[in-house]
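Those sequence lines, one after another, are chains A and B.
Quick note on full-length UniProt numbering: the first sequence kicks off at 1 and runs consecutively.
Quick note on full-length UniProt numbering: the second sequence kicks off at 1 and runs consecutively.
No lab work stands behind these hints: they were computed from the structure.
Each hint should be verified, as a subset may be incorrect.
Unchecked claim - To give an idea of the chain B side of the interface with chain A (calculated C-beta under 10 angstroms), a few residues:
1) Gly75
2) Lys110
3) Thr111
4) Leu114
5) Pro139
6) Val142
7) Thr200
8) Arg202
Claimed, not checked - Below are the DSS-like pairs computed for lysine-lysine, each with C-alpha atoms no more than 30 angstroms apart in a straight line:
9) Lys108(B) - Lys232(A)
10) Lys110(B) - Lys190(A)
11) Lys155(B) - Lys223(A)
12) Lys110(B) - Lys183(A)
13) Lys155(B) - Lys248(A)
Note that CB positions come from ideal geometry on N, CA and C, so glycine has one too.
Read off the chains here:
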Amino acid sequence: MSRTRFTRRLPAAVAVAGLTLAVAACGGESSTSSEGTTAAAADQLKPNADLSQQTLQITVWDGYTPAELPQKVKEKLHVKDMKVTLHDTNEIAMTKLTAPGDSGIDVAFVSGQYAQALNAAGLLEPIHPELIPNLANLYPEATQLSYDKGNKYSVPYTWGTTGICYRSDLVKSEPKSWNDLLKPPSWADKKVTMMTTERWLALPALKALGYSLNTDKDDEIAKVKDALVAQKPHLLTYDDTTFGEKLKSGEAVMVEAWDGWCPTTDPKGNIKFVVPKEGSDLWVDTMVIMKSSKNKEAAHALINYILDPEIHSWAAENINYKVPNKAAMERVTIPKGSLLGIKPAELLNGESIIDLGQASTKYTRLSTEVTAQQ
Amino acid sequence: MKSEVKARPVSRWRGRRLGAFVFLSPGVTYLIVLLLVPLALVLSNTVFQRGRFGGVVYEFTTENFERLVDPLYLGVVVVSLKLAALTTLVALLIGYPTAYVIAQLPRKWKTVALVAIVLPFWTNFIIRVYAWIILLSGPGLVNSLLGTHMELLYKQGTIVAGLLYSYLPLMVLPLYSAIERLDPQLREASANLGASGFTTFRKVTLPLTVPGVLTGCLFVFVPSFGNFVIPEILGGSKSIMVGNLIRDQFLKARDWPFGATLALALIAVLIVLLLAQAWAARRA
């Protein structure tokens, strides 16, 4: 091809490539309204339904349930088939679940505030407690969570809190307040990290300023922004995933962390976790049944099976997350330094993050304002 | 007889047209079904509203376009333009001499050099970007070798380095193609007429390779401008670019209408750049 022809055709080729990228970035599909009302009256479910005629499809975070779960469920519950699809984040799960038409998902694992949003959108099947006798294994506290009192539409799977994870051998004084992270002392300058997921990005400043984690007041969010912008020059990075590694390598000395991700069982024993004096959150990851599910009896049977102490304790033993299941936690041997020993009553001191509906865009804007700040 | 002579080219033309139609239809169908239709659907969202829980409410609004000129988002566009332009400039400064030298190599070594340029593309993009963390982190390889504790990661300069590393081959290849096609006799003639090496470069080589320069610049600028992986991994999310903004609207804010509007704006910028490139290449 001659140079002239080559260059003449390039713009078209690049335009096609650019448009393809743009479509890929956009997901390439439309969505209908997910506005909803309250859940309609529950369908009549049959406690003795023939599960061998039902299949199950769940969506869950990678590595969050045992890999052999589908095989075990097929053997124990005699369902026809079980498929697992994965999501990286709550937001991606929400995209799947709120897309037009039947998502094909029977049971979804999402965090409490997202379960609340799905319910408000009328997408969730009410929980039928008579089909889940293992609900009795839950701690009483786990049935009174503020986003869903009485487990009407969700069943908690794991729970925990957020705090400061730090290197006790590299800090000159142990952190006690969120301000230790927000205004790091000179020895910790550029050696602290914060989470970037928007509600957790705001959490330290909200608590340090004495505000609710669920505030939608503009003046309070503006003050949070000021605190986070002032902190930015002293930050190593924003990090939701590898902060534990940064702490182990000594690149960071204090990080904002979910308790289950703070590597306190590191053999060197230098890594500690503290919930700052101003308080923190109580996060809960839940299981919900979609109203669109055609296998609701099997879905209830699956949740009941997961609440079996032997199965549910897997999460504590393998992903280091506390489970709100008293019988399961009693089976777990808690390793030295592990945060699995935090009691439900202590967790309940944390404020639950709830869905803010339209006001949630204020937190997206806050996150953009902080990260875009030069 | 006369009419037969006339009829032949017409039927040949028809045959050629049919052939063209048959051969083009798979590609055109692919473009329509997998590119234009989804794109039209995404773009149609730009005039609707975000649902309370995400998704789209089909009520007309112009708010998404009004938000485009919000200084917050314009600031992100300016940062993206700055970083992409800097990457393109450095890529040109490194890429031109590289391409020039490769074009002068013996045929065998030319192939080796070109394969070496393309080689990084054989490895996954994300893995290559992550490799920089191993090199540049606090306790990373560079600091270990130098015995220093320099902060090399999570800066705008690191983002530019990552973009440059990723897209430099896209600058070298069109430049090589342009330089390689240059008639060596033109340079010889210039030298015979007494021009110095630099003058020959300035007055002969460079003007004749401008289309290659423009193509290389476009190839580097376009993916750099919309990139969102490198600012996140190497920039530590401390600086965001347009790509991050679009990604966040779709995956975090669940605000598809505004995400679609930002994507439309990005496409519009790229189309303007493509038209400018085409215009400049034609004049060069």
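Query raised in the report: Hey, Lys110(B) versus Lys183(A), does the alpha-carbon distance stay inside 30 angstroms?
Result: Distance ~56 angstroms between Lys110(B) and Lys183(A) Cα, so the pair is violated.
Query - Minimum beta-carbon distance criterion (10 angstroms), Leu114(B) to chain A - result: Constraint on Leu114(B) not satisfied, violated at 16 angstroms.
Requested in this report: So, Thr200(B) near chain A? Judge it on the closest CB pair being under 10 angstroms.
Outcome: Cβ of Thr200(B) sits 20 angstroms from chain A, so the hint is violated.
Query raised in the report: When the nearest CB of chain A is found for Gly75(B), is that gap smaller than 10 angstroms?
Result: Where the cut-off is 10 angstroms and the nearest Cβ of chain A is about 6 angstroms from Gly75(B), the hint holds.
Requested in this report: So, Arg202(B) near chain A? Judge it on the closest CB pair being under 10 angstroms.
Outcome: violated (20 angstroms)
Query raised in the report: When the nearest CB of chain A is found for Val142(B), is that gap smaller than 10 angstroms?
Result: With Cβ-Cβ at 14 angstroms, over 10 angstroms, it is violated.
Query - Pro139(B) as chain A interface residue, shortest Cβ-Cβ below 10 angstroms - result: holds (5 angstroms)
Query - Pairwise hint evaluation, Lys190(A) against Lys110(B), where the allowed Cα distance is 30 angstroms at most - result: Since the Cα atoms of Lys110(B) and Lys190(A) sit roughly 46 angstroms apart, the hinted pair is violated (cutoff 30 angstroms).
Query raised in the report: Has the given pair, Lys155(B) with Lys248(A), been kept, meaning a C-alpha gap of at most 30 angstroms?
Result: holds (22 angstroms)
Query raised in the report: Would the hint on Lys110(B) stand, with a C-beta cut-off of 10 angstroms toward chain A?
Result: Violated, because the Cβ-Cβ distance from Lys110(B) to chain A comes to roughly 18 angstroms (cut-off 10 angstroms).
Query raised in the report: Minimum Cβ distance from Thr111(B) to chain A below 10 angstroms?
Result: violated (19 angstroms)
Requested in this report: Verify the proposed pairing of Lys108(B) with Lys232(A), using a straight-line Cα cut of 30 angstroms.
Outcome: violated (52 angstroms)
Hints 2, 3, 4, 6, 7, 8, 9, 10, 12 from the earlier list are contradicted by this structure; the remaining hints agree with it.
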